[in-house]
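Single-letter residue listing:
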Amino acid sequence: MASNSSSSSAQQRLRIIAGHLQKRPEDEHASVAAQECKAETPRSNPSSAAPVPKRRQEIMKWNGWGYSDSRFLFNKKGQAEFTGKRYRLSGLILPSLKDWFEGTFGANLQHKSPATPTVNLSAVAPPNLNEPFIEDLKAAGVAASHDPEDRVFRAHGHCLHEIFALREGRIGRVPDMVVWPSCHSDVEKIVELACKHNVCLIPYGGGTSVSSALECPHEETRSIVSLDTSQMNRILWIDEKNLTAHVEAGIIGQDLERQLNEHGYCTGHEPDSMEFSSLGGWVATRASGMKKNIYGNIEDLVVHIKMVTPRGVIEKSCLGPRMSTGPDIHHFILGSEGTLGVVTEVTMKIRPIPEYQKYGSVVFPNFQQGVACLREVARQRCAPASIRLMDNEQFQFGHALKPQVSSIFTSFLDGLKKFYITKFKGFDPHHLCVATLLFEGDRGKVLQHEKQVYDIAAKFGGLAAGEDNGQRGYMLTFVIAYLRDLGMDYYVIGESFETSVPWDRVLDLCRNVKERIVRECKERGVQFPPLSTCRVTQTYDAGACVYFYFAFNYRGLSDPVHVYEQVEHAAREEILANGGSLSHHHGVGKLRKEWMKESVSGVGLGMLKSVKEYVDPQNIFGNRNLL
Amino acid sequence: ILSYPRHPVLKKRDDFEDVLEERRRSSDLRYALRCYTPTLYKGLVPCKVSMLKSIVLQSDHLQCVIKQVSSESGDSTECVAEEASLILDEMAHRMQLSTVRFFVFTLSKAFKRLFRSVCVNEEGIQRLQQAVQEHPVVLLPSHRSYMDFLMMSYLLYMFDLPLPVIAAGMDFMSMKFIGEMLRMSGAFFIRRSFGGDKLYWAVFSEYVKTMLRKGYAPIEFFLEGTRSRTCKSLTPKTGLLNIVMEPFFKGELFDVSLVPVSISYERVLEESLYARELLGVPKPKESTSGLLKARRVLSEDYGSMHVYFGHPVSVRSLAEGKIKRSQYNLLPRYIPQKPSVDTHEFLNDAAFRLVRIQEENMVLKPWVLIATLLLQNPDGMDLSSLTEQTDWLRHLALAFGAFLDWPDHEACSEVISCSLALHRRLLSVSAGHVQLSVTDAPQVETTPEEAVFQRAVVVLSCASYRNQILHVFLRPALLAVAMQSANSSRKDDIYNCFNFLRNMFSNEFILCPGDSVQDFEEACYLLMKRGVLQVLEHEIVMSASGQSTLAFLCSVLEPFLQGYQVVCRYLCEETNENLTEKEFIPAVRSFCFVSLSSDLQKNALAALLRLKAVRKVKV
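For the protein sequence lines, the chains are S and X, in the order given. Position 168, counted from 1, in the first sequence is what the numbering used here calls 232; the numbers after and before it change by one each time, with no gaps. Position 69, counted from 1, in the second sequence is what the numbering used here calls 93; the numbers after and before it change by one each time, with no gaps.
Derived by calculation from the structure, the hints in this document are not laboratory data. Please read these numbers as outputs of a predicted model, since none were measured by experiment. Using N, Cα and C, we set each Cβ at its ideal position, and we do this for glycine too. Please note that the accuracy of each hint is not assured.
[As the list claims (entries may be wrong)] Label pairs and their calculated CB-CB ranges:
#1 Glu514(S) <-> Leu354(X): 33 to 39 Å
#2 Lys346(X) <-> Gly670(S): 26 to 32 Å
#3 Glu158(X) <-> Arg119(S): 41 to 47 Å
#4 Gly219(X) <-> Asp568(S): 26 to 32 Å
#5 Glu344(X) <-> Gln121(S): 41 to 47 Å
#6 Glu46(X) <-> Lys466(S): 43 to 49 Å
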């Protein structure tokens with residue numbers, strides 16, 4: 065376990081985790097669970113942890129990522145630390161982050177760009193309320209608010225430009241009102257009233273969108289109502305015979321997982337945003353989870369979806385595992401991005417919690433070898449629950465997050481490892497890259513599987529590099545958004561974006577996109593070379609998902625966000641030119657709308673439009689995403 | 025990158041450095057053996073010549089074509105693969121530094137004897153050094169002489185740049201010993217025509233692309249395809265250009281840098297050889313013994329030589345907005361794909377622009393002006409009036425943006441007498457009267473036919489110098505002729521005429537397709553700036569002082585107009601229904617013997633075919 069504190073809470077935690085993993089507590093490996101990377105169960109009462117409150121701003125940042133108590137900062141000694149108690153990294157010193165940060169971005173701790181501390185409520189436009197709608201709503205007994213803080217919180221996702229504006233205290237169009245339905249029938253009432261009074265509805269789940277999907281359209285003149293699903297968060301039933309669970313769509317990932325865990329089950333759906341993102345959001349964006357190799361992506365996990373549309377409720381009549389009844393109506397819902405209605409309830413596949421989990425990592429002499437290895441793993445269809453290949457820059461990034469080592473022995477061992485890899489094996493520290501692995505299943509099979517994967521890796525010059533490196537790799541994805549907030553305190557802005565691409569184009573796409581970013585930054589007057597890094601983050605039979613991080617120091621630029629957007633635009637053009645898709649799992653939103661026609665053809669777009677036309681002729685769900 | 029500056033004259037040109045200067049001072053042997061440490065491409069995948077071969081043969085692309093060919097022909101794949109391997113053996117270079125060193129040594133000796141100086145623009149070299157590190161480089165020299173590629177490799181060695189691999193015609197292979205030597209210094213050999221041979225094309229294109237992708241070495245080839253016998257740039261070929269651009273189109277490379285190189289000679293080594301060839305004397309076959317016989321050239325003075333390395337042109341920027349790279353998304357990239365119509369148009373346009381850059385950066389010597397004037401005055405000129413007119417022409421050329429190498433601080437008459445001395449084989453000077461004439465041949469007992477032939481050789485040799493400056497005068501000259509023949513001062517009428525002429529001559533000169541309006545405006549602008557014309561909204565009016573300039577410009581195009589007229593007259597009068605293409609040139613030549621080069625005849629026929637005035641019937 066990470067902490068050896070002898071308090072009763074630790075006891076309790078240990079018991080729960082032991083229960084979850086059905087593991088002998090003395091087993092070392094039991095401690096290394098994926099959940100460890102994410103915020104842990106609040107210590108007070110894990111089994112009935114508080115769900116997302118209506119006033120989210122009480123526990124979460126209004127102008128940054130995640131919980132208010134958790135953030136990176138450089139302390140007085142100039143060392144990076146992570147505050148709070150929720151994460152494994154919490155309270156730890158990260159000695160190498162400062163050097164990495166300054167070295168990579170040419171940033172300086174003396175040059176700060178702090179955020180506006182509190183919401184300037186006077187900057188929030190007064191709400192444009194539809195009084196008859198409000199009266200009817202009140203009569204129906206649905207909770208609602210037009211408090212400015214509530215409205216501001218729901219006016220954005222986590223795109224760079226959205227967060228940047230908030231930090232500067234700029235507030236654009238915000239919803240005029242927030243409503244909190246508590247069940248399916250509440251949603252039915254709200255949608256009916258919205259149609260009756262011609263009010264614009266924007267469904268809001270976890271608020272983790274990175275596609276401008278939550279932005280209120282500027283041209284919208286009607287009253288905009290944000291429909292917050294967070295109070296629809298119950299697991300309605302679990303069917304152990306068919307291994308399914310029926311869940312309200314507002315539940316967020318960590319609550320769903322935790323509650324199922326208590327029954328000995330899991331969904332296995334773990335997108336990087338799972339601490340905050342909601343089930344309904346996953347359905348509406350075609351989300352993908354880290355462990356999709358075992359459990360599948362969201363479209364593989366759902367058995368039944370109930371959605372409320374202006375035309376009424378859409379759902380299938382049975383829970384059959386597959387049907388041949390014309391085009392699958394689920395696929396109109398999956399990825400509809402809130403343009404057709406509100407997903408209220410979902411029946412999902414569940415699995416027993418795996419007996420055993422093990423992290424691992426492999427070092428490759430270069431990225432090419434790494435990709436070749438992943439390709440071979442995919443060919444043999446023996447991918448572990450998760451397998452990711454980080455390029456050299458990202459490996460170094462991950463390394464900068466290594467907490468202070470407690471003993472001389474550990475640091476000696478680290479030195480020895482480094483010596484072995486770079487000197488003895490001749491890996492160039494500026495070219496080597498790391499694959500991180502997560503195995504899951506029963507113990508014997510995991511060990512066998514592990515051996516198979518390491519054997520393949522060895523054929524491509526890969527060296528096993530320990531569990532620690534692997535686990536840190538996954539940690540990076542959970543803290544990256546917190547790190548972005550740290551960067552923004554020091555003139556560094558950045559973002560991630562993703563694509564999927566056939567295997568034979570992976571290398572070319574990665575190289576070209578990274579180089580395009582560097583070049584575009586230079587051409588647009590960015591003073592220091594940007595961080596431009598990628599990882600192959602998912603493998604499929606016919607291709608892979610590639611994830612990019614891109615950040616730069618914006619000192620000296622008059623309009624950094626505009627520069628950022630131009631570079632991201634260019635990077636997306638480059639992706640498309642290199643055979644990559646418009647999005648693998650982030651979705652289109654309003655950010656990538658301009659490429660939709662090119663991506664799905666005019667006819668394809670027309671089909672989607674005609675569905676919208678039929679389902680929502682009044683454009684009640686008027687977030688204007690996708691189409 | 026490829027747009028022309030509005031004020032060509034103001035364009036800053038780099039300074040030149042004479043590379044032979046140092047060669048004259050220190051040991052050639054030590055120089056040839058010096059430590060050679062070229063600047064390398066950052067993405068270089070080190071790879072031996074033998075490995076290169078197996079990579080090409082194992083490539084998905086070639087394997088795919090081998091299977092295709094095998095299923096079409098019924099031969100076993102092993103058999104086809106063997107054939108591919110043989111093709112590659114015949115083609116591939118075997119670069120060896122020792123051979124290059126041998127060449128460096130002998131060429132140092134030869135160049136010092138042949139040339140007074142070999143001038144290279146240093147900034148161009150520096151730009152190339154940068155470019156070579158960033159992206160794979162393709163060198164695109166102009167082609168006027170066999171010397172070109174020897175000189176290129178020599179210079180790259182000299183400046184510690186990676187030695188190029190050079191696409192050479194198969195003709196050289198027949199030179200037993202020399203062919204192998206060239207192969208070992210980086211030349212690879214391609215057949216002159218292999219139109220339908222799928223396998224050959226696959227081996228060839230994969231070979232070039234592999235070298236490019238690996239950053240193995242700069243690829244060098246001649247856009248014009250062959251040596252220009254007339255010193256006029258030839259219509260570019262796009263095949264190889266497509267091959268070197270495709271790795272970018274398909275995303276295999278982030279970018280490719282194209283470096284146009286302009287090589288100009290004060291006196292071309294093959295001067296009279298070319299003239300004879302144009303008059304129908306067959307080109308001597310490349311052979312080692314022939315080369316030895318040609319030693320005679322070593323004893324002559326060829327003046328100076330200029331090599332200008334142009335700005336690298338990024339294929340990425342060139343293709344921006346013109347090529348949709350996503351068109352390659354839906355087919356596995358190893359499956360060969362014919363370039364789409366758009367791609368083809370793009371390639372053609374890019375090729376023309378690159379040749380235009382070559383033209384613009386070609387250094388012109390004073391003799392080029394003199395030759396232009398002497399050709400317009402077949403009866404010769406007095407030295408004084410020649411001096412006066414050359415000076416006038418010099419200013420006109422400079423105003424039109426010519427890259428003229430006119431010695432500073434030297435009297436015009438001095439410069440002219442120097443030029444006349446260097447080219448004395450083409451002219452006679454007596455009592456202050458200069459005239460083109462045969463001074464070389466013995467004056468005894470030549471048949472009248474021979475005399476005419478000798479005279480034609482001189483005229484064509486001289487024309488090849490005038491041709492070097494044509495690109496400077498071409499657009500204004502087309503406008504001048506258009507004004508003359510339009511019989512109207514209406515801008516529209518003149519433009520239509522201009523457009524017709526431009527269209528007619530687009531096989532003869534480098535005129536970028538689709539640039540008609542731009543060319544017209546450029547011509548108007550240049551002549552207006554010179555005070556020759558006034559361009560009003562709907563009219564173009566000649567100024568009082570413009571007469572002489574317009575007359576001069578018209579006479580620049582005169583020989584070409586006449587030549588085309590002769591071809592047309594021949595085709596009209598000669599009623600032989602079944603004229604074959606082969607018979608065409610000798611027939612026109614006998615129809616009107618004087619001053620008609622086979623190059624012009626071919627161009628004229630091509631233009632008439634293009635304009636559908638003449639129809640080609642397959643027999």
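We went through each hint and held it up to the structure:
Taking 33 to 39 Å as the suggested C-beta distance range, the pair Glu514(S) and Leu354(X) conforms, at roughly 38 Å. Against the hinted window of 26 to 32 Å, the Cβ-Cβ separation of Lys346(X) and Gly670(S) comes to about 28 Å, which satisfies the hint. Evaluation of the 41 to 47 Å hint for Glu158(X) and Arg119(S) yields a failure: the beta carbon distance comes to about 54 Å. Between Gly219(X) and Asp568(S) the CB atoms are about 30 Å apart, so this pair conforms to the stated range of 26 to 32 Å.
Between Glu344(X) and Gln121(S) the beta carbons are some 46 Å apart, a value that agrees with the proposed interval 41 to 47 Å. At roughly 56 Å, the beta carbons of Glu46(X) and Lys466(S) sit outside the given window of 43 to 49 Å.
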